[in-house]
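Join these two chains into a complex; the hints should help.
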Amino acid sequence: MGSRIEILNEAGFRSDGRRQFELRDLSIDLSKRGEADGSAQLSHGLTQVLVSVHGPREAKMRSHTFHDRANINVEVVVASFSTGERRKRLRGDKRVLEFAATIKSTFEPVIRTSLYPRSQIDIYVQVLQQDGSTLQACINATTLALINAGIPMSDFVCAVTGGVHSTSPMLDLTTLEENDIPHVTVAVMPKSKKVVLVTMETRLHVERFQELLNLARDAGAILHQEMREAILERSAGLIAMAEPGMKQSKGDEDVVMD
Amino acid sequence: MASSISKAESAYIQVGLASTPPHRLDGRALNDFRTISLETGVAPLANGSARLSIGRNPHDNSGGTEILAATKLEVETIEDGGADGGRVVCTVTCSPAAYPHLSSNALEDLQHDLTIVVHQTLSHPSLHPDNLKIIPGKKSWLLSLDLVILSDAGNIYDALFMAARAALWDTKVPKTRFIEYKAKKTGSTSKEKDGMDVDETPATTSGFDTRQLTNATDFELLDYWDEGDVLDGRELWPVCITLNLLPPAAHFLDATQVEEAAALLKILAIFAFPAVQSSRLQGMHMLGPGEVTSTQMKTLIKEAEIHARELSSALNSKVKDEDVRRNQKAADSFSRR
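From first to last, the protein sequence lines are chains A and B. Residue numbers for the first sequence follow the numbering used here, beginning at 3 and rising by one. Residue numbers for the second sequence follow the numbering used here, beginning at 95 and rising by one.
The shape of chain B in the complex, shown without the other chains (with noise of 0.2 Å):
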């Protein structure tokens, strides 16, 4: 990821970010991020999908980092390897057009080093959703996560968990309604519960007896006019910050390539808020050589909350600003009729 540069060329950028007041080669401040732009509903093939872009030139759309993610529901049955309650499987893809030098060998570890961060911090039990399961006990969905790397200009992972975020916030499980066969007295067939109410209990159960048993053998997918509910728990995915660390203190945020191959060392702080005072650190890394103090990691991680927190904000109004496009064009469209 690092493209290599000389000597001079990083001890110059060195000496830029060192300086006061900071420089940096495209004159943002030390904290400053390029453009972001972020578009959901790209792949409607999948169901929940979003394309970023991290300093995208504007006029010609050309450059910066782009990343496409999707996600696709697919049922697992327990007994195949599914969990109870469903699971959430990331992977990432990166395009040997993102990576021109490299050999496809290096491509792959590459992908493998990505797709375990990611996996491993979206994974965590912690930012499980609840609404992945269509027969407790026997079948669920698979959430698959796919981020493809289309191009890298720096930052890459700020770029991937955003990305995933917005796929996330995008997706929608399907209604399912569980069906249980059961054989009447009389004759008939088939009866449809919905949820797990069984208001007929049969005579032989006791009183005492407060499991809630389902006898669902099979689901149905309704047929509603949308594609189904929201992921449960969308706000509560989280976002990383790169900080991009200068000895001795200083740190700097969305480095490019070549500023990323001058501050060798980086440090992961991945933050979900699940309220709006409250914060939670999901995951850390270290990244390259090079050490940090205890004190210098304390203050490093209060300060990349506080990026966090705006970057998530800011992702919020953003994706949330996304679902009202998208609804009052099918809106706009379906009046238009």
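Pulled out of the complex, with its shape left as it was, chain A reads as follows (with noise of 0.2 Å):
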């Protein structure tokens, strides 16, 4: 066999060049697809996912509905080829299920449902790259993508998944890392700096966990300007294409979002 991969060397090194604590590259797509109210598609280096928001519209289902608040929807979806070896997974899959129940309980307290009561908010999550990271990547896209929609929340939702190697921490894994490494996923509101998802499937030290949860409020604060700019990218091009008239001058008059 090849040499043994490190997942971090003692120059500091990840086996893909990183440092430790450094994000992989982000990128972030926010133009409309199809028929959806808001989308967006979002990469973290490999792993890419496409997250597509409709409503708040009226429900398919009534039983489904609340007198009081939305009802937030959550599907899945993930591409037979987003992994190195092909597999087909079916919509009732048990893992795909927990994957949507996961993503809806993050997002339940901070979208404002009870503006909409009756109606039904529909999230539909394609992932079509895996490259480790997918919860973070599919959580960071549907914020972008109910933001896009328009649907009033409470605070962005920035998430980054940090596992620990012996005793150093590192942020945003890739497949190989996740498969050796015990990690957790955090997702945080940036600007109260709450907490709205851990989730670890592996045994991590209490202390490492610690350690880790407050590195995952840091990288959610990064992302948050990330994230933050891209938003803004989008509506100065929005309102540059609805008034053609209008001067481009900064918008030092905008309501700074921090």
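Wrong hints could be hidden among the right ones.
Stated by the list, open to error - Just a sample of chain B residues kept apart from chain A, beta carbon distances all over 10 Å, derived: (1) Ala-102; (2) Ala-112; (3) Ala-140; (4) Lys-166; (5) Glu-202; (6) Asn-225; (7) Gly-377; (8) Leu-409.
Said to hold, decoys possible - With a straight-line Cα cutoff of 25 Å, these simulated SDA-like cross-link-like pairs (lysine to any residue) come out: (9) A:Lys-62 - B:Leu-204; (10) A:Lys-96 - B:Asp-203; (11) B:Lys-269 - A:Arg-88; (12) A:Lys-34 - B:Phe-127; (13) B:Lys-396 - B:Pro-341; (14) B:Lys-423 - A:Asp-27; (15) A:Lys-34 - B:Leu-196; (16) A:Lys-90 - B:Leu-119; (17) A:Lys-34 - B:Leu-119; (18) B:Lys-269 - A:Glu-87; (19) A:Lys-195 - A:Ala-223; (20) A:Lys-90 - B:Leu-196; (21) B:Lys-101 - A:Ala-223.
What the hints assert, rightly or not - Some chain A residues close to chain B (C-beta under 10 Å, calculated; not the full set): (22) Leu-48; (23) Ser-82; (24) Gly-86.
Treat the hints as calculated values from the structure; they're not laboratory data. By construction, the Cβ of each residue, glycine as well, lies at the ideal position given by its N, Cα and C atoms.
What follows is the structure, given as structure tokens:
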């Protein structure tokens, strides 16, 4: 066999050349897709997901509505070619359903559902490529898609996956790293610094956990900056399209979102 | 797939299409396609991939029918259900975002219908590529083609077949070589042979025995700088033309969703072009309520062939361009190191 791949070598580099706390390349595409009210395609390195949001709209099934708030419906489709080996995932797959339920419970407290009683907000997640940190990418993409759809939320939700290799914590893991080290996905609301989601399926020492939680909060703030920039760029584009005669001035009079 | 439109809207579209000169809602002629954009190599983990969209607005990338196609090759043993020359399996998945009005059961039904049409056409033995064998009689490649519909703005069948064709064009089959283990009389262990040449005839076989038996037991992947050979017969993959029929005689191509709802009867004609002048009708389906006389059918098929030929040559030049673009990029990035 070839040489063993080191998760973190002595010089502090990871297997893909990143530093310990370095996040992968983030690319955000907020262009409208199909009939969706809002959509976002986001990739962390090679992990690529596409989220479309429809709503708030009339529910397909009356029985699933609430009299005082909107019903959030999350459906996740994982492409068979998304991982290294092809695996056909049926719609009713338990793992996929759990994934969807996790995303739903993350966004339920954040979206202002009480503004839309008896209606439904549909979030369709399509996982196109997986290279680790799929949940992180899905949550970030969902945040962007919801904002793009104009659905009011209390705050952004920024998620990041963290892991520990012996005693060194790392952020934004790839498949190779996820298979090897214990890892946890944390989603935070950057303004209020509150944690919305913590999910872990491996075993992690309690002290490392504390470290990771703090790191994830900082990483969430960084992601928040990037996501905010993307949203502002898109909004500026939309405004420029709507009012072509308006002078291209810097938006000093806009509300500062910090 | 057909969105529900009112009778008035349906009549408006039909009258517009039947008038002289024919009017379509977006100003196209009856035989005009919307802008088709194609990109290959979008899924690096797959052996071949393509992303195709018809009618996408170039300014803000919105709308249109968008399909993502990817092929994956897996090794199969013959005992576990593989076929000796390899197998081709096609699946179509509809993203719920593409059909937000359908319930999940209806979505499954639609997926099933689309899969049947695509799979039966593309897995036909006449289109089967030759280089899917690994060890004859023991191992072969299973080519799985997955098509994901990301959004649907009409003309889904044409888009599916075009995306399938582009992904199959882009597919690279990894090079393999089989290994034969021969216990030499002096005691060394293995010998590697290329292909099927048996250059040492054991003394026991007679000169009349012309069978070409291989004793290959395993194979290895060769380490090459590229990802493998292209799939054999890649010019042979078919294209589909959907003729939307307007009684009594006219037909139009590339319908949008409202146009599809207005013109209920559709004929899918799937053509392959094995050589420059010859053409082969690989499949035909008639969808929707309605009837066509046989003389009309003959003319329609002839016209469909002409359209298919144009579409096929345009698609060929585009995928060749894409090949150059991607190799060019790779060559540039390599030279910049």
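Verification of the hints:
Chain A leaves Ala-102 (chain B) outside its interface by the beta-carbon criterion, the shortest separation being 22 Å against a cut-off of 10 Å. No Cβ of chain A comes within 10 Å of the Cβ of Ala-112 (chain B); the nearest lies about 29 Å off, and the non-interface call holds. At roughly 4 Å from the closest C-beta of chain A, the C-beta of Ala-140 (chain B) falls inside 10 Å, breaking its exclusion from the interface. For Lys-166 (chain B), the non-interface assignment is contradicted: its Cβ lies about 4 Å from the closest Cβ of chain A, within the 10 Å cut-off.
Its beta-carbon lying about 7 Å from the closest one in chain A, Glu-202 (chain B) breaks the requirement of being farther than 10 Å from that chain. Every CB of chain A lies more than 10 Å from the CB of Asn-225 (chain B), the least distance being 19 Å, so the non-interface label holds. For Gly-377 (chain B), the condition that its CB be more than 10 Å from all CB atoms of chain A holds, with the nearest at approximately 24 Å. No beta-carbon of chain A comes within 10 Å of the beta-carbon of Leu-409 (chain B); the shortest separation is about 21 Å.
For a cut-off of 25 Å, the pair hint linking Lys-62 (chain A) to Leu-204 (chain B) stands: about 18 Å separates their Cα positions. Proposed proximity of Lys-96 (chain A) and Asp-203 (chain B) is supported: the alpha carbons are some 21 Å apart, at most 25 Å. Between Lys-269 (chain B) and Arg-88 (chain A), the direct Cα distance comes to roughly 19 Å. Compliance with the 25 Å bound is thereby established for this hinted pair. Of the pairs offered as hints, the one joining Lys-34 (chain A) and Phe-127 (chain B) holds, with about 22 Å between alpha carbons and a cut-off of 25 Å not exceeded.
About 18 Å separates the Cα atoms of Lys-396 (chain B) and Pro-341 (chain B), which keeps this hinted pair within 25 Å; it holds. Restraint check: the Cα-Cα separation between Lys-423 (chain B) and Asp-27 (chain A) comes to about 20 Å, which is no more than 25 Å; the hinted pair holds. For the hint pairing Lys-34 (chain A) with Leu-196 (chain B), the CA-to-CA distance comes to about 20 Å; that is within 25 Å, so the pair holds. Of the pairs offered as hints, the one joining Lys-90 (chain A) and Leu-119 (chain B) is violated, with about 40 Å between alpha carbons and a cut-off of 25 Å exceeded.
Between Lys-34 (chain A) and Leu-119 (chain B), the direct Cα distance comes to roughly 22 Å. Compliance with the 25 Å bound is thereby established for this hinted pair. Restraint check for Lys-269 (chain B) and Glu-87 (chain A): satisfied, since their Cα atoms lie roughly 18 Å apart, inside the 25 Å limit. Taken as a hint, the Lys-195 (chain A) and Ala-223 (chain A) pair is honoured in the structure, with Cα atoms around 9 Å apart against an allowance of 25 Å. The straight-line distance between the Cα atoms of Lys-90 (chain A) and Leu-196 (chain B) is roughly 22 Å, inside the 25 Å bound, and the hint therefore holds.
Simply put, Lys-101 (chain B) and Ala-223 (chain A) have alpha-carbon atoms about 54 Å apart, too far for the 25 Å limit, and the pair is violated. Using the Cβ-Cβ criterion of 10 Å, the hint placing Leu-48 (chain A) at the interface with chain B is satisfied: the shortest such distance is roughly 7 Å. Interface hint at Ser-82 (chain A): satisfied, since its Cβ lies 5 Å from the closest Cβ of chain B, which is below the 10 Å cut-off. Satisfaction of the interface hint for Gly-86 (chain A) is found here, the shortest Cβ-Cβ separation to chain B being roughly 6 Å, below the 10 Å cut-off.
In terms of the numbered hints stated before, the structure departs from hints 3, 4, 5, 16 and 21, listed from lowest to highest.
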